[in-house]
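Chemist: Fit chain to chain and form the complex, with the hints in mind.
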Amino acid sequence: MDTPELTAAPAGSTAFATTTKTVLREAGIGIALIVLIAAFSFTPYFLTASNITNILTQVTINLVLSIGMTFVILIGGIDLSVGSVLAFCAVVAGTVMNLPGLDPAAAVALATISAILAGMLFGVLNGLISAWWAIPSFIVTLGTLNIARGAALQVTNASTIYSFPPAFNAFGSQTIYGVPVLFLIALVLVAIGWFVLTKTVFGRVLYGIGNNEEAARLAGHNVFFYKVAAFTICGVLVGIGAIIYMARLNIASPIIGIGFELNAIAAVIIGGTSLSGGRGSVVGTLLGACIIGVLANGLILLGLSDFMRQMITGFVIILAVILDKYRERLTKA
Amino acid sequence: MDSTAVLELSGVKKRFGGVVALNGVSFSLRPGEVHALVGENGAGKSTLIKILCGIIQRDAGSISLGGSPYDPHVPGDAKKAGIQVVHQEFNLLPYLSVAENICFEDMPRKGFGLVDYSTLYDKARKALDAIGLRDVDVRRPVESLGVAHRQLVEIARALMGESRILILDEPTATLTARETERLFEIIAGLKAKGVAVVFVSHHLNEVFAICDRVTVLRNGESVMSADIAATTPDQLVTNMVGRQLAAAMAASRDVDKAGRTALSLRNLRHPASPHAEGVSFDLHYGEILGIAGLVGSGRTELLRSIFAADLPVSGTLERDGQPRRYQTPKQAIRDGIGFVTEDRKEEGLILDMPIAANVTLASLRKVSRFGLLNKREEIRLARALGGEIRLKYGNTGDAVSTLSGGNQQKVVLAKWLANNPKILLLDEPTRGVDVGAKAEIYALLRGLSEKGLALLIVSSELPELITLCDRILVMSKHRIAGEVAREDFSEERILNFAYKDERNHGHP
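Here the protein sequences come in this chain order: L and X.
For the first sequence, the residue numbers in numbering that gives the first Met the number 0 are 0 to 332.
For the second sequence, the residue numbers in numbering that gives the first Met the number 0 are 0 to 507.
Hint data in this document are derived by calculation from the structure and do not stem from the laboratory.
Just so you know, these numbers come straight off a predicted model, no measurement behind them.
Do not take every clue at face value.
Derived CB-CB ranges, DEER-like [as the list claims (entries may be wrong)]:
#1 376(X) to 304(L): 39 to 47 Å
#2 365(X) to 186(L): 46 to 54 Å
#3 364(X) to 22(L): 23 to 31 Å
#4 330(X) to 94(L): 40 to 48 Å
Partner residues aside, some chain X positions facing chain L, computed with beta carbon under 7 Å [unchecked claim]:
#5 314
#6 349
#7 363
Here a beta-carbon is modelled for each residue, glycine too, at the ideal position from N, C-alpha and C.
Chain X on its own, in the form it takes in the complex (with noise of 0.2 Å):
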């Protein structure tokens, strides 16, 4: 026990269903320190920050708050308890004015109840002024702002509310280096006030920076705590990774047997990147090409500008040699591509239709003549291709959303064998799926690549694109940071890449 601390959190579990999203946390926060927490996507850090802030409730564990029991069931809870957050979404209300989100929690009344605009505008102008940002107007509608200034906005809000403790989950995300130099100074100033600042980032260059402590999370599970000045970037890189697995997987595939090019990017950017070089590459028949990176390193929109869901604004494709330039998905599902998106329920599946009704949803002509559907076809194609991805189900005719997550997953990945395609895009394939359907979906994606397939997958879990594929390209800031070959995997050498950005040119 840290006699000092705060806020101490011990044992702090919490499951998902099947999925274990904490598996014992422990950290203590002292008044006036700048903690870090770090961790890998999916380690359990915004699962941990949303039971802190009372948004869900943790299963076991404990947490004291100032040495008394903490427990909040609503975020209401939290606020009182002086612990304010800015979450990594943004939670303003557009069309009302800067003022009004700043104060909304809390809106100064003149009787019947009746807004106090002076008041309002008034405390809106300090509290902006409090965090250096004099140039905005705080009657401005929230809509009209930039990104980097909403944040500012949502920071003034939180700051509003007495506060112990502030959790920033990743704030500098959408900052430019200058606004996050003015974030540090709001830090230092909230520190030199006795504030608790817990400090969610990717960044390790601003965690060096910044923080005087720093905790790792890594599957649910806090693995390390520091002082930042007894530590370095690599050890805290190790620690996130954890141990080595690469050795064991390597043997299972056999990587010089790469055909001919499938698909060839040359400086393809899609109009979310900042970079006009854009995204190259070669994807080839038979080949497993992995893309690994931090969430919002632009994996999935290079996934999406491939396919046509975003068009791509600039730069060029080739399918087998020949330039395309694809208006819609349809033109490229017609030109032999698959994608399997990241959500399943909001873009892969309809989920109150029948399963056969899926698995054709991509391939319907191949199901009619002259516009009039063949059920009797439909049902069998999807018998076939269930009993090849070894799904498991009840009758064709159920609805999908009666299949378990992993059944879900096969579905859409039936949806897209259905049209014998060449090239799959996959973005997270195995999210949300229990590890047996996993393995299946291993096997499943080896022996198409086996058929001369090519596949290129997106994945936040390195031990998937190191078990899966023959080489991994990591992607940064909607750039291809780094290239890695088979016999080369290791976790460590990826993460390197993802951060490399962080360590060499990032700011301060």
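Extracted from the complex, chain L is given alone in its bound form (with noise of 0.2 Å):
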């Protein structure tokens, strides 16, 4: 608009310009996965439908995990446990499913509830601790990042449990059409993070928090409630991830899930969320998800080495957010 008074715009002009500049955001992140695609596309294996469902299938459980860290990053915060949390949860849900006297159906039923439950549980432990004590999420999901491993380990003895209901194992390894159906569950699990945080008043003020705390504070808010929230909804996410590594590999392990907290910030950063907070979206997340999934694939399909593999994963997460600066700076201009 360039009048420079506008008190009664017309009605029905909806636009919201922040809006606009997540999509401008979010597209610049597409353009790079795009190109991704299009560079690699050259090597002639890599846009064959069963290396797609393959990228698909491997970005799954990342996607679910930086879902669950986008929220937790948004208010400004961090959770280092996701990880060891995942491994908590999938050998309760294995142990769960392997109790004597259930039809496979109860088994899947409770052990995905019980997933869920433990997920949820270090969620609000870290929320609690973290907020009630003003001590920086950093510090405690570092701290629940070790209980959980531990517990995970003391629960099994250490042992790997394999035996799951066949119907279970068939499921995760489902794909309509090419897609996954874990895949799809998980884009299922976008669209409502994306809807929680851009349609209703809990999104909303989750990005007021974490742009700033005592503004939220200070306009009514309970910011105490908001960030266990927020670190509850990163615990069910991890128990639907554990559910969902449980049926992709059919295994729960105590030593799963090492690291995966680190390949889920870089899906967050990378899709364009702020680790100050308050700036940032699922679709973004999405996005940063997929760039990493397919830059892993398709550098093994260059023949790259593992360890070249994770070098350049490494530039590219720098890179990325050195590009934010830039956008940031072009978009404030």
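Modeler: Now the structure itself:
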């Protein structure tokens, strides 16, 4: 709008400039993803149906964890415990699934509920401790990272659980038109996350707290509740992630999920969410997780070693943040 | 020109954007004198000090030091030139020891970059002894000291360097009478050594106790310089205030229409208040009640304790005659109170978020159902309020950070108006707002009081309070020092109350 004074704009023009800005940011990340895909499509195998299925399968778990991480990072927190909590949720679910006397359907349902509850428990713990004593969540979740890992090892006596109902295993490898069902579930979670963050009062206040906690508090919002809620949501998604992991790989082990938290953080940051909170989106996170997945897959197809792959992923994370700084400067000017 | 002057300023000017901070300051400082710099809040004292110590640069005017031009660009330049400053805010490193703090600018070394701790402790010990602070262990972390001791450590640090000129910005604000006494002895000692001291203070009794000369700043100009012996406190206050503007504004308000009591405080005490009796007053519907007082007199704290932004430690609050004990701002808001904070960037707005989102931040329940935002309704509300307060903006979706200061302040007001409050607390409602927007905000506030809202306004600008208010309470040291009714409004009267504590039972 070029009119300097506009007190009665035409009704119906409901455009949110900031939404437009978010869309632009996401478009930028989307373009990066497309460029990446275009570059790799020169390798013969990359664009085959089976490889795409493969990439989507690879992306799924990181994507689920990243959705939860987005909520936590949006309020200016961080959750380092997700990898360990995933292992804990998995062994709890695996144990429940093998309880004697349960028919398979009930076993799976009960296991899913218990995994989500276990994840929730750690989420609530992370949120309560960091919000109540005003301890940086970095420290609190570093602690729960160890607690959850230790608990998982203790519960299982460091053994792996293999035996799940066959139908459960089969579900994990099902595809619809080449798209893994588990990835579709992750997409549904992305949609829910997007809805909550952009369409609800809850989401609005989360953004507000991430931007300016004191202003949100003085506007009458219960900052404590929202902080605990963000961590709890993250925990719930870790629980869901654990079930997805089990369905895909048919094991539950106390040593799974090592380093998953870092991949999730990377996806969120590449997706344009600010580590200091208040800015970002779940859609960006989806794109970020896809960039990491495509990159890993493409580099393998190029015949690069695992080590090189890791180095390049590292460069990409840093590059993403540097680009974001420039983008920020452009939009502020 | 004063040929004996060690420091000579003439016509120094400085503006920040559209705001003129200094508009021609001239004064001279002689070796071995203690020169007081006084003026109201916002008169330009702090800006002047920042220019002298190289934190900011002047736009115009000349400064000469010892006869040669002086033009510091970084704080290091000022130190090299022998100008030491003790700032009002602490610049200490809390987790380092007292000794490390004192010697931080010039750490004794042993070679290989190692700190020579025995020399360090020696030097620090001597520095503390020199100012009579013998009971403090130099190895203690600064964090463990009380504010008064910190202030003295700061002074010891400033004195470590070779100083020709020492600038003390409100040095006694945190000191007790005994420590103030000690500070005065230190100043006398420096004076005897030929050091020139610039003493910035609100406390006129101190100015008359230890200073040789005084310069008064008003609205960024030096309006008077005189020997202390040739002036009086009343003359200083008159000069600080300037001409009277009260008369012209008196007609604009119909005083006698205040209604029922909206809010009643009895002995309400903020945790930072040293006095158990706290603050007591009644605020009525339709009334604009002003709170005047010096910076640090507890005005902001009073508003924060009403709003439960900080919880009061004692006292009672009644809302419409019913006792209330708010635990969170949320409860105060539900009870019809709004709080326009002093610092809109830190506490009032979410700068990167859209105008509409800021307007509805305190009233999201009105623009949502079952937790779902109705963005159409939100925009409608933002536009309606935007029209009501004459907000100048492009689109309700623009980030608040794109607005001018005055319009940002209007958004803060709109945020509270969206809630239909019965009581509005306003802390410096026109700070950093240009003249035009100021007039609009005044009109808006008057309109609100005519609709029956009770307004409680804290302001450092006395003309603002005199223009707007029906009554003014003057705070001093977290207490109500006096009350002035509209027919008696004058800046002198208000300032007399503000400085009352200083004259009657201040030290020494």
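Chemist: Between residue 364(X) and residue 22(L), does the beta-carbon spacing fit 23 to 31 Å?
Modeler: Since the Cβ atoms of residue 364(X) and residue 22(L) sit about 28 Å apart, the hinted range of 23 to 31 Å holds.
Chemist: Does the Cβ distance between residue 330(X) and residue 94(L) fall inside 40 to 48 Å?
Modeler: Holds - the Cβ-Cβ distance for residue 330(X) and residue 94(L), about 45 Å, lies within 40 to 48 Å.
Chemist: Given a cut of 7 Å on the nearest C-beta pair, is the interface hint for residue 363(X) held or broken against chain L?
Modeler: Nearest chain L Cβ about 5 Å off; hint holds.
Chemist: Starting from the hint 39 to 47 Å, judge whether the C-beta atoms of residue 376(X) and residue 304(L) obey it.
Modeler: violated, 57 Å
Chemist: How does the Cβ-Cβ distance of residue 365(X) and residue 186(L) compare with 46 to 54 Å: does it lie in that range?
Modeler: violated, 34 Å
Chemist: Does residue 314(X) pass the interface check with chain L, least Cβ-Cβ distance below 7 Å?
Modeler: violated, 21 Å
Chemist: Does residue 349(X) pass the interface hint, meaning its C-beta sits closer than 7 Å to a C-beta of chain L?
Modeler: holds, 5 Å
When held up to the earlier numbered hints, the structure conflicts with 1, 2 and 5 and fits the remainder.
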